[in-house]
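As given, the protein sequences belong to chains A and B, one line each in that order. When you number the first sequence by my numbering, it's gap-free, plus one each residue, and the end is 114. When you number the second sequence by my numbering, it's gap-free, plus one each residue, and the end is 229.
Derived from the structure by calculation, the hints contain no laboratory data. Nothing here was measured: the structure is a model prediction, and the numbers come from that model. It is possible that some hints are incorrect.
[As the list claims (entries may be wrong)] Looking from chain A toward chain B, a few residues come up when the C-beta cut is under 10 Å (computed):
id, residue
1, Q10
2, F14
3, Y25
4, G43
5, L46
6, S52
7, L56
8, S96
9, G105
Positions of the beta carbon are idealized from the N, C-alpha and C atoms, including for glycine.
Listed below, chain by chain, are the residues.
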Amino acid sequence: AQSVTQLDSQVPVFEEAPVELRCNYSSSVSVYLFWYVQYPNQGLQLLLKYLSGSTLVKGINGFEAEFNKSQTSFHLRKPSVHISDTAEYFCAVSESGGSYIPTFGRGTSLIVHP
Amino acid sequence: DAGVIQSPRHEVTEMGQEVTLRCKPISGHNSLFWYRQTMMRGLELLIYFNNNVPIDDSGMPEDRFSAKMPNASFSTLKIQPSEPRDSAVYFCASSTDRGSYNEQFFGPGTRLTVL
Numbered sequence: 001a002q003s004v005t006q007l008d009s010q011v012p013v014f015e016e017a018p019v020e021l022r023c024n025y026s027s028s029v030s031v032y033l034f035w036y037v038q039y040p041n042q043g044l045q046l047l048l049k050y051l052s053g054s055t056l057v058k059g060i061n062g063f064e065a066e067f068n069k070s071q072t073s074f075h076l077r078k079p080s081v082h083i084s085d086t087a088e089y090f091c092a093v094s095e096s097g098g099s100y101i102p103t104f105g106r107g108t109s110l111i112v113h114p
Numbered sequence: 115d116a117g118v119i120q121s122p123r124h125e126v127t128e129m130g131q132e133v134t135l136r137c138k139p140i141s142g143h144n145s146l147f148w149y150r151q152t153m154m155r156g157l158e159l160l161i162y163f164n165n166n167v168p169i170d171d172s173g174m175p176e177d178r179f180s181a182k183m184p185n186a187s188f189s190t191l192k193i194q195p196s197e198p199r200d201s202a203v204y205f206c207a208s209s210t211d212r213g214s215y216n217e218q219f220f221g222p223g224t225r226l227t228v229l
């Protein structure tokens, strides 16, 4: 069965600074990887996903993530954050050919300070 | 499309009362998921339906919880009797039945407070 570890529960950063949110996964088969964002008092929405092909995936709001198979990682990055990026970010993994149920990480709270 | 619709958005009830949460998935989606989110446990999958049939309910905490999907456009999650530890945000999500690579579309959630 797959598992996901988000190493940081909280990441504070100043506005316009770069940020990286870390995600590592464990699986014995090929995987699909997702990043979701949850703004306050809202449901989760998809930021980006990796299915196959290029390991660098670009998503909405200027975010991107890189799939690294050897390190089993899928870290999320943004070169310059805005106050509006303050939210909870969830990494998720599902196994190719498996069930439709992804496994979500515990989430990382990104706090952008002015 | 209006997205996944959940009602009510907020529910405050007293311990021992029955609580029913409702969800309308996106039209054309035939997979539906109920999640619970708390500070302590994060996001937990409670139950998953495919084509209105419960496929995996291993996440349902105990017999006080039950879920139904009588048709493709409606699902309920019932807690009877409710307890203070059930206080959480409950999310419904739906997706298309085309494999594990499809994203889930989440509703806005129902914030449940059991006093």
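For each hint, the structure was consulted:
A hinted interface residue such as A:Q10 counts as satisfied when its beta carbon comes closer than 10 Å to some beta carbon of chain B; here the least separation is about 12 Å, so the hint is violated. Because the smallest distance between the Cβ of A:F14 and any Cβ of chain B comes to about 26 Å, over 10 Å, the interface hint for this residue is violated. For A:Y25, the suggested interface contact is broken, since its CB lies about 13 Å from the closest CB of chain B, more than 10 Å. Among the interface hints, the one on A:G43 holds; its C-beta lies about 3 Å from the nearest C-beta in chain B, closer than the 10 Å criterion.
Here the hint on A:L46 is kept, as its CB sits about 4 Å from the closest CB of chain B, short of 10 Å. Given hint, A:S52 at the interface with chain B, holds; its Cβ is 9 Å from that chain's nearest Cβ, closer than 10 Å. Interface restraint check: A:L56 against chain B, minimum CB-CB distance 18 Å, threshold 10 Å, status violated. Hint on A:S96 holds. Least Cβ distance to chain B is approximately 7 Å, under the 10 Å limit.
Evaluation of the A:G105 hint against chain B yields a held restraint, the C-beta minimum of about 8 Å falling below 10 Å.
Of the numbered hints given earlier, the model fails hints 1, 2, 3, 7; all others are met.
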